[in-house]
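Protein chains in written order, with the working numbering: chain Y, 1 to 90; chain G, 1 to 395.
Note that these hints are calculated values from the structure, not bench results.
Beta carbons are placed, not taken as given, at the ideal position from N, Cα and C, and that holds for glycine.
Treat each hint with caution, since some may be false.
Under the rule of at most 25 Å between Cα atoms (straight-line distance), these lysine-lysine pairs were calculated in the PhoX-like manner [claimed, not checked]:
no., chain 1, residue 1, chain 2, residue 2
1, G, 356, G, 135
2, G, 274, Y, 23
3, G, 68, Y, 23
4, G, 306, G, 290
With beta-carbon atoms standing in for the labels, derived distance ranges [unchecked claim]:
no., chain 1, residue 1, chain 2, residue 2, range
5, Y, 87, G, 236, 39 to 45 Å
6, Y, 83, G, 110, 51 to 57 Å
7, Y, 21, G, 177, 31 to 37 Å
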Amino acid sequence: MAYSCYITFPTTFYAIRAESILKQESTAFKMVPVPRTISSSCGTALRCSCDEIGKIKYTLLQNELELEGFYRLKEEGLKTPTVEELDLNE
Amino acid sequence: MSDIIEPCKNELNLYFDNAATSWPKPETVYRAAEKQMRQVCGNPGRSGHTRTLEADRLIYRTREAVAKLFNVTDPARIIFALNATDALNIALKGFLKKGDHVLYTAMEHNSVLRPLGRLQREGLITATMIPCSIKGYPDLDFLEDAYHCETSLLVINHASNVTGSIAPLEEMLKSAKERNVSVLIDAAQTAGSQMINAAALEIDMIAFTGHKSLLGPTGTGGLYVRPGLELTPLREGGTGSQSEIDRHPESMPERLEAGTLNNSGLAGLLEGLKFIEETGIDKIRDHEQKIRAYLYEQLQEVPALKIYGPDSSEPASTVISFTINNVDSGEIGYILESSYGILCRTGLHCAPLAHKAINTFPEGTVRLSPGYFTTIADIDYLVDALKDITAHVAE
Ligand SMILES: Cc1ncc(COP(=O)(O)O)c(C=O)c1O
Numbered sequence: 001m002a003y004s005c006y007i008t009f010p011t012t013f014y015a016i017r018a019e020s021i022l023k024q025e026s027t028a029f030k031m032v033p034v035p036r037t038i039s040s041s042c043g044t045a046l047r048c049s050c051d052e053i054g055k056i057k058y059t060l061l062q063n064e065l066e067l068e069g070f071y072r073l074k075e076e077g078l079k080t081p082t083v084e085e086l087d088l089n090e
Numbered sequence: 001m002s003d004i005i006e007p008c009k010n011e012l013n014l015y016f017d018n019a020a021t022s023w024p025k026p027e028t029v030y031r032a033a034e035k036q037m038r039q040v041c042g043n044p045g046r047s048g049h050t051r052t053l054e055a056d057r058l059i060y061r062t063r064e065a066v067a068k069l070f071n072v073t074d075p076a077r078i079i080f081a082l083n084a085t086d087a088l089n090i091a092l093k094g095f096l097k098k099g100d101h102v103l104y105t106a107m108e109h110n111s112v113l114r115p116l117g118r119l120q121r122e123g124l125i126t127a128t129m130i131p132c133s134i135k136g137y138p139d140l141d142f143l144e145d146a147y148h149c150e151t152s153l154l155v156i157n158h159a160s161n162v163t164g165s166i167a168p169l170e171e172m173l174k175s176a177k178e179r180n181v182s183v184l185i186d187a188a189q190t191a192g193s194q195m196i197n198a199a200a201l202e203i204d205m206i207a208f209t210g211h212k213s214l215l216g217p218t219g220t221g222g223l224y225v226r227p228g229l230e231l232t233p234l235r236e237g238g239t240g241s242q243s244e245i246d247r248h249p250e251s252m253p254e255r256l257e258a259g260t261l262n263n264s265g266l267a268g269l270l271e272g273l274k275f276i277e278e279t280g281i282d283k284i285r286d287h288e289q290k291i292r293a294y295l296y297e298q299l300q301e302v303p304a305l306k307i308y309g310p311d312s313s314e315p316a317s318t319v320i321s322f323t324i325n326n327v328d329s330g331e332i333g334y335i336l337e338s339s340y341g342i343l344c345r346t347g348l349h350c351a352p353l354a355h356k357a358i359n360t361f362p363e364g365t366v367r368l369s370p371g372y373f374t375t376i377a378d379i380d381y382l383v384d385a386l387k388d389i390t391a392h393v394a395e
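Bound-form chain G, shown alone (with noise of 0.2 Å):
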């Protein structure tokens, strides 16, 4: 193999950074996404040979296995983009219309809070935060009574990236349903590590990233929006059909997507996707509640460190959020890196009501974040290095 498609291998460094980007990806992953590049090429949609074609059914082959993902029948209601924050900005920019009034969570990512924040500043929307709890969880009695006439949207963080806790989805697109409000989940934390099923819940939109539990490459990610819904496309372009006329395709899924698809990213995202159905999604849920269980008994252990959000009874994601004594948490991670070759992510973690409900703003926290292919043996070895580290603080 040459050094480089070599993974950024290092023996020493162990991961615990998976809520930005999952890594390692299984290896069909990279060989796909370097496949497509090499040997498939063609740009879908464009021109009739036969590479194009073989591209295009790469990415129609993924749009089913997202759409089997969240149990949906039609793949033409998955549309790709850029990222999660792409989109949840293609979502909430093409759904809400002028007077609407939006309900968000207090855990909401600035994926979410950005776009609600000019669209309110612009005076288009009007919107609410329901808060959380100091654990992460959405106050449903304040829900049920934020519903206002204009309320056309909720949204809803599905797993927070600061503390794991993981929103009950049942009970709150119940309510939004009763009142007729629309939902948009932001799955960036869920898709792939937990099972999301739009057609029995009627979610009407999913936003997910391919990077990070779905296994795939940056750049990949997407959107489910229900059949019946649709969208204000916030671009247009070529999407290689209907070029005499210049109006974009209304049919989904072009409708969404304009220019050429990330189709190396897609490729490698397919892989991500097989592995998770071949896996078992439950069988990686299961595993990685394991993993935040012993991982959050071990932390315990560890004296003058506070561990934010949800206990290993309550519903979580692999996610533990926590501080130590007055120390900068920056300061921490640095130290995690410097000295034992750990990675994780301090700070506010581009969510900062997070921080806000749990009393860490705006310090933040250091989270550490194992995925599927973290071992006991890594947490051990990360137990033990944060020991030492509270002994010499406490020194």
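Extracted from the complex, chain Y is given alone in its bound form (with noise of 0.2 Å):
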């Protein structure tokens, strides 16, 4: 089973100010469409591992960027994914 974690925001100026941030750091992600399954306020959203997603949402508070949510999705096959909304506040 793979599970991918992803960010969104609140409008695609920060979205693209997230990759715009990250590009200069050696973090693997991807901007991509929001996933059916996750309510986003931006149709863009930040994909990546959900080993990285920690590191990933304190470089970008350090940026003082506007984060709406943070979610996990299992992914299987062609099945709707699973969506757990995460609780990065630990």
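Hey, can you piece these two chains together into the complex? The hints should help.
Below is the structure:
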């Protein structure tokens, strides 16, 4: 079973700003359309490995970005993925 | 190259109208605007596909480049608009509240005077004009005594499009800040050719246009709004985000932007900004200063020609206004173009109070505005033409 994690943004500006900031780091991530199972204000989300999401969130907040939500998706073939909203405040 | 994208290049045309809109643009500006339309084409923020993302990135990079130009760290504080006029309307109507008092200089363009005029006629605000000297510089003593308890905003024309005179920003900002009055700079004539350090000077708002010294296409421009200052939006609508709610996003830059932006124009503007960064704004300013000083010197040799505004030792953009005896300025402009292929602008230049300040109202002046690409040879040709014309006039 594959898991991937997502960060959503309040506006497009912050999605693109996130991309621009992370490009300067060595983190692997991709800007993707928001999966249908997640509800988001902005149509573009950031997909990354679930091992990295904490670090990415930290980097983005350090740069004063506005973020909306954090999710983990369990992808099982063509079935609708199961979504779990993450609480990253630990 | 097809006819359509060939610039309106006419060997005979010498362009002295950069204060209206700059020409030529760097080649990269034309190419980027066309490429955006042909190859990128996605609507920023609207769909998740890769072309949309590419369009989003172009706009983001343009925002970043403008932020850098004004020494601003957060690109979210730069919003795009149609031009400086649009940005000034967004600033004035989004900032001013009922009962406010506004100070503005006599050099202001109609893009400031007319919105202020309407707000006054509607009984919403009061306003006081800071008179300017015959050279086009604001009267700082008058300013010191002009503040009221209700004064909330000082509007400063950075450089006059009639005389070229550059307002003493530092002194005026200091004066306003001491009284907790916000400052809006109209940088239509200076963004791209004069350094404007928004962070160091603590400027509240800067309106800029893309098609003059920033060397971009028309239909581009915008506004810088300092962090912590939130304007009331003039318009609301589609932004591509938060589509399910009937409230426009409150966070910048979307807060002050609604509807599809001028994507190809902004792609061109980005190249204009890159050209300025690569060339260096100091180098551009120094070159333009040299060109103006030379033009000023040469014009003094033309008999019967009267120059208005700053001399070559006083702070100014490239603009120089003049008249010849009692000859109608429109007539001189017509002869310059029809007999010599020289393009300039004549009349009141949308700034009636500036002409009152320099005593050229209502006749107006002939305005010459060389640009970064103007050469000494261009000026020699122009000055010879003017000597010819004045010889005929004197006959
Ligand atoms: C001083 C000044 N302010 C505002 C404007 C308006 O610029 P735009 O026509 O790009 O809106 C201009 C130029 O026309 C100008 O010279």
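Right, here's what the structure says about each hint:
no., hint, result
1, G/356 to G/135, "holds, 11 Å"
2, G/274 to Y/23, "holds, 20 Å"
3, G/68 to Y/23, "holds, 19 Å"
4, G/306 to G/290, "holds, 20 Å"
5, Y/87 to G/236: 39 to 45 Å, "violated, 33 Å"
6, Y/83 to G/110: 51 to 57 Å, "holds, 55 Å"
7, Y/21 to G/177: 31 to 37 Å, "holds, 32 Å"
Checked against the numbered hints listed earlier, the structure breaks hint 5 alone; every other hint is satisfied.
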